[in-house]
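**Q** According to mature numbering (1 follows the signal peptide of the UniProt record, and there is no 0), the sequence shown holds residues -28 to -1, 1 to 261 in order.
Hints listed in this document are in silico derivations from the structure and should not be mistaken for laboratory results. Treat each hint with caution, since some may be false.
[As the list claims (entries may be wrong)] PhoX-like cross-link-like pairs, simulated, lysine-lysine; straight-line CA separation at most 25 Å:
1. Lys12 x Lys99
2. Lys86 x Lys141
3. Lys242 x Lys99
4. Lys86 x Lys142
5. Lys233 x Lys86
6. Lys142 x Lys12
7. Lys141 x Lys12
8. Lys86 x Lys12
9. Lys86 x Lys55
10. Lys86 x Lys99
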Amino acid sequence: MRRRTLAGGLAIATAALLTVLIPSPAHAAVSHKSPFDCGKTFYANNWTPGHSPSGAIDWQSYGTDAINLETVRATAAGTAYFKNAGSTSYGQWVEIIHSDGTSTRYAHLSSMVKAAGTSMSVGQGTKIGNVGSTGNSSAPHLHYEQRTSGGAVDTSPTVEGVTVSLGQKKAVTSTNGCGSSNPYTAEEVCGSGYDIIDSAALGTVGKVFLTYNSSNGYNCVVTLKYTSVGTASAVSAFLEPEGSTRTTDSGSFSYYAGPVKRSAPGVCVKWGGSVGSTSYTSGFEHCGS
């Protein structure tokens, strides 16, 4: 019994030591990409003096890439909170809280993918809005901040591995959404009010999502690609309310097929889609939503 107690004590002590020495993966440092579409280049301006708060970045046009109404994407994954600060401050803006407790802010947006006062989980590259000039802004640009877990503004933020310190102006090219990760979500494609109620994996090449909007009784189907993302290839999505015809969106698309929307309150639906030769078709189901 004493030997068992000793072994157990050593095991507990060792586990405790490992807990102290090995940081939790959930608190690993967050790496940020540019808040724009893959391949887009914009100036990152860390103005000084006079910029409030000091250390914030103003993203502006570069060359032929005009920034007005440009898509704004999450620079890292987290929970996005959509807000409206009115005409004297940020205007329409989004704050994203990341896994390590740090945050980013995106201000003066012309539009947001969710209404002010709501929130949603986002991945790196998820669209959150569009560049504008709302609030205290004299011209279209994206006001961007990186903040520590304590709330302080990082005065030398880094995106795409490029550090922009106080007083610097650098041209940064985005890799956000490039490669295999799809920057879109089903909720984003279907629009405000749609929530995922089911999904089906297409092996490793994609996934089909069924969403429902309880406020208007519409279902929406989207197929997201997880292979050849950003390059046009065969993809489809369909939706068929029971007793009605099937609606299909099929073609050569870069990111997704859909949204396919049909009114189906209280009606069973058949849904599915494909990426390349891999496909999924449900039975008639979800009869109450």
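**Q** None of the hints should be skipped; say for each whether it holds.
**A** Status of each hint after checking the structure:
1. For the hint linking lysine 12 to lysine 99, the alpha-carbon distance of about 15 Å falls within 25 Å, and the restraint holds.
2. At most 25 Å may separate the alpha-carbon atoms for a hinted pair to count; lysine 86 and lysine 141 exceed this at roughly 31 Å.
3. Our distance criterion of 25 Å between C-alpha atoms is broken by lysine 242 and lysine 99, whose separation comes to about 28 Å.
4. A C-alpha spacing of about 31 Å is found between lysine 86 and lysine 142, which places the hinted pair above 25 Å, so the restraint is violated.
5. Between the alpha carbons of lysine 233 and lysine 86 the distance comes to roughly 19 Å, so the proposed pair stays at or under 25 Å and holds.
6. A threshold of 25 Å between alpha carbons decides the hint, and for lysine 142 with lysine 12 the separation of about 14 Å falls inside it, so the pair holds.
7. Pair hint lysine 141 plus lysine 12 holds up; C-alpha atoms about 16 Å apart against a cutoff of 25 Å.
8. Note on lysine 86 and lysine 12: the hinted pairing holds, with a Cα-Cα distance of about 24 Å set against a maximum of 25 Å.
9. A threshold of 25 Å between alpha carbons decides the hint, and for lysine 86 with lysine 55 the separation of about 9 Å falls inside it, so the pair holds.
10. Pair hint lysine 86 plus lysine 99 holds up; C-alpha atoms about 10 Å apart against a cutoff of 25 Å.
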